[in-house]
Amino acid sequence: MPLPKETIEQMIKEALPDANIELEDLADDNDHYAVTITSSAFRGKGRIEQHRMIFDALKGRMGNELHALAIKTVAAGEDE
Amino acid sequence: MSVHQFIQDTIDQNPVVLFMKGEAMAPMCGFSAYVARVLQHYGVEFKDVNVLETEELRQGIKDFTNWPTIPQLYVNGEFIGGADIVRDMHEEDELAAVLKKAEE
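Chains as they are written, first to last, in our numbering: chain B, 1 to 80; chain Y, 1001 to 1104.
FYI, nobody ran anything at the bench for these hints, they're computed from the structure.
No residue lacks a Cβ here, since even glycine has one placed at the ideal position from N, Cα and C.
Be careful, since some hints might not be right.
Computed from the model, here is a short list of chain B residues facing chain Y with C-beta under 8 Å [said to hold, decoys possible]:
#1 R47
#2 I48
#3 H51
#4 F55
#5 M62
#6 G63
#7 A70
#8 I71
#9 K72
Please construct the entire structure, taking both the sequences and the accompanying hints into account.
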């Protein structure tokens, strides 16, 4: 059961209230997405830790209902 | 031998390990194919492990790494990331240095 765009955005927003979320539905099938997330919460953290924050926000759906979500994290405030 | 032990031994005995869907020469998923291609692009020898061989391995690697997706790249026994992080590091020119350490 693929995951609608709004649900993904809402879940990330709940975990990272200041996040700027650019979510793209790659195949228009609610199942293949690319998302760029910019948040100050990423500052000072490595990529693995940043991505794990997103997996936690998605409450276990990553790798299950959510098959293909390409994640790019950007720490707000650091030079991009 | 437990799956956990198999994974531990594999990353201990091989400088670069790619846990993937399918094999390097016959990947069965776009993300796995991408990372295999990037490693080949850098001319890096790596051990490919097809996690689809058993459900136990497919779930076992996710538990071992505490990472929900496949592929997973290990260098010198350390988890580097999945396809997204490998792509990000490649684009930011950080991957070469990490892979270089594998040869030592």
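Checked hints:
no.	hint	verdict
1	R47	5 Å, holds
2	I48	6 Å, holds
3	H51	7 Å, holds
4	F55	6 Å, holds
5	M62	5 Å, holds
6	G63	3 Å, holds
7	A70	5 Å, holds
8	I71	5 Å, holds
9	K72	6 Å, holds
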